[in-house]
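**Q** The residues making up each chain are set out below.
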Amino acid sequence: MKNWKYLMMTSVIGSALFLGACGNNDDSASKSNNGSTEQKADASQKLEGKISGDGSSTVAPIMEAIVEEYANEQPKVQVSVGVSGTGGGFEKFIKGETDFSNASREIKDEEAAKLKEAGIDYTEMKIAFDGISIVVNKDNNWVEDLTVDQLKQIWLEDGKDKKWSDINPKWPDEKIVFYSPGTDSGTYDYFVNDILEEKQLVKSVTLSEDDNVLVKGVESDKNAIGYFGYAYYLANKDKLKVVKIGGVEPTHDTIESGEYTPLSRSLYVYVKNSAIKDNPVMYDFMKYTIENAGEMAEAVGYVKTPDDIYQKDLSALEALK
Amino acid sequence: MNYINQKEVIKRMSGRIFLNGLFKVIFLLATLFALATLGILIYRMVTQGSEYLDADFLGNFSSRFAEKAGIKAALIGSIWLMAVVAPVSLLLGIGAALYLEEYASKNKMTDFIRMNISNLAGVPSIVFGLLGLTIFVRSLALGKSVLAAGLTMSLLILPVIIVSSQEAIRAVPNELREASYGMGATKWQTILKVVLPFAIPGILTGCILALSRAVGETAPLVVIGIPVIVHFLPEGILSQFTALPMQIFDWAKRPQPEFQHVAAAGILVLLIFLIVLNSIAIFIRNKFQKRY
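Quick mapping for you: the protein sequence lines, in order, are chains A and B.
The first sequence runs 1 to 321 under this note's numbering.
The second sequence runs 1 to 292 under this note's numbering.
None of these hints come from the bench; they were simulated from the model.
Any given hint could be a false lead.
Facing chain A, according to a computed beta carbon distance under 7 Å, are these residues of chain B, among others [what the hints assert, rightly or not]:
| id | residue |
| --- | --- |
| 1 | N60 |
| 2 | S63 |
| 3 | R64 |
| 4 | G225 |
| 5 | P227 |
| 6 | V228 |
| 7 | V230 |
| 8 | F232 |
| 9 | L233 |
| 10 | Q240 |
| 11 | K253 |
| 12 | P255 |
| 13 | Q256 |
Take a look, some chain A residues computed to stay more than 12 Å from chain B by CB distance [claimed, not checked]:
| id | residue |
| --- | --- |
| 14 | E64 |
| 15 | S208 |
| 16 | A224 |
| 17 | F228 |
| 18 | L314 |
Using N, Cα and C, we set each Cβ at its ideal position, and we do this for glycine too.
Produce the entire structure from the sequences given, and follow the hints as far as they go.
**A** This is the structure:
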């Protein structure tokens, strides 16, 4: 019996002490955080503080690289970035839960209106280019080049089963199998809004938030077609066949020069203005982000924007400080 | 006089033996199927993940380079998460079960509560995630903290703990209680010294299953919006964190194929974490089982 009592008492007291200790810990941490906020930031000084962001899974690899490098420079700054998708990220941004939001499309009017309602002023920063790549199966020997009109013809719902031969009579009489990123992703939004002009996407499409599912799907079905960010195509180059759009293949150069259009798009970070103003850590982190975004974007398979865009971002940031 | 119709018995004998053998094979196959699935899963994880599983993997933060990626933030985050979930869910769960079994009068209200708890056990985890997001993260303004996630996870596993604890407490023979009362013990003394020690192995079995579920559950964390890119360790229960399943999910989504192997290594760590957690519980359980 003694044993049992002992065990129970230790576990109860232990957990109480543990939780108590944790609570204290955090209090002191947040106090010191406030303390450092009052001091003015100095580049040589080690900063301390917290930053939180969320948003697009397309932008996430760039952010991960930046956060990783930034952690070496300022180990006491706690940067946390979630990957809820562009839409999910904006939802948290509107609620005021995050300091910045990653996006793979421009902010929507309704989102901007909600931000205004919530009294949150924001600034848009372009950090990289991406080219949405249209891919088909390796064994697909008929599709080489599509026009934007053909893309629409393929991807728009028209009430009946789509066959390759519907697009071009010379192509096989086989049903097309569709793979698309999920509705929370900015890639989906960009494709449906800007390419399909907000009309209904085919209903037989397989949607997935995990782009690797799309890669596997297209890889395993001869009649499949899918689309996703350039980085995913680049990593799976030998398993998939990319389709030229209007004669232009998505490559690093065609995306950078803007020749690969209309499927090239910018990747964004939306920053809360007040966070930059009130939190020197946030300013320092964003400065670091803009200065290194190009290099990091290239490192993870995206394309950097021209230097003058980064300069513009920087001066916008300085104006906010 | 013949009580048994020998001919009839002999006629049906071969059929009965056949059926006996058939079911033996079916049950054996059912067991083997489950084991084979588990075996293939573990084999795949070990062959894919073992090359990445080393001291660096445990000691590094995640990275854009597969070779440098580590699971430190997620592992420590999951330990913090469990440090909140275990005491909260065990104290509340076992407490509720004791009340329902030992104190509550047997009326329609109690039945209604019991039925609802059983139903709650079947509610999808994503619903608990939404609940946690609304109540803990937003209304109570705990943010995406260890505490908010821990309380959400506790809610998720409470019904399982309550139901299994109730079963275990109900299995305590009434004679034991009566003997205890007969010796002049109070209700609380009886519960503490007779009912709980007898029921603890059963209670712990339910708790092991429930806590294992809390370690591996991803959906509520996704809904709460637990960040995945985290290069610091939590400092307290109000600190932000990331957890093992989130980190694995993130790696599995990466474009580079090497990250699939990193994810496999992450799954191995999660499995080992589960085994350690379970063996602690099994150790405690066995200690008590011997005494009765």
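**Q** Please go over all the hints and tell whether each is borne out by the structure.
**A** Results for each hint:
1. Hint status for B:N60 relative to chain A: violated, with the closest Cβ pair at about 10 Å, above 7 Å.
2. The beta carbon of B:S63 is positioned within 7 Å of a beta carbon in chain A (closest approach about 6 Å), and the interface hint is therefore held.
3. This hint holds: B:R64 has a C-beta 4 Å from the nearest C-beta of chain A, less than the 7 Å allowed.
4. This hint holds: B:G225 has a C-beta 5 Å from the nearest C-beta of chain A, less than the 7 Å allowed.
5. Annotation: B:P227 was flagged as interfacial toward chain A, and the flag holds, the nearest CB pair being 4 Å apart, inside 7 Å.
6. Residue-level restraint check for B:V228 holds (minimum Cβ-Cβ distance to chain A is 5 Å; threshold 7 Å).
7. The interface hint given for B:V230 holds, since its Cβ lies 5 Å from the closest Cβ of chain A, which is under the 7 Å cut-off.
8. Interface restraint check for B:F232: the shortest CB-CB distance to chain A comes to about 4 Å, inside 7 Å, so the restraint holds.
9. For B:L233, the interface hint is violated, the least distance from its beta-carbon to any beta-carbon of chain A being 9 Å, above 7 Å.
10. With its C-beta approaching chain A no nearer than about 5 Å, B:Q240 sits inside the 7 Å limit, and its interface hint holds.
11. Because the smallest distance between the Cβ of B:K253 and any Cβ of chain A comes to about 5 Å, under 7 Å, the interface hint for this residue holds.
12. Interface hint at B:P255: satisfied, since its Cβ lies 4 Å from the closest Cβ of chain A, which is below the 7 Å cut-off.
13. Taking 7 Å as the C-beta cut-off, the interface hint given for B:Q256 holds, the closest approach to chain A being about 5 Å.
14. At roughly 5 Å from the closest C-beta of chain B, the C-beta of A:E64 falls inside 12 Å, breaking its exclusion from the interface.
15. For A:S208, the shortest C-beta to C-beta distance to chain B comes to about 10 Å, within the 12 Å cut-off, and the non-interface label is violated.
16. Listed as outside the interface, A:A224 is consistent with that label: its C-beta sits roughly 18 Å from the nearest C-beta of chain B, beyond the 12 Å cut-off.
17. Interface exclusion of A:F228 from chain B breaks down, the closest Cβ pair being 9 Å apart, not more than 12 Å.
18. Interface exclusion of A:L314 from chain B stands, the closest Cβ pair being 23 Å apart, more than 12 Å.
Hint check: violations occur at hints 1, 9, 14, 15 and 17; the rest are consistent with the structure.
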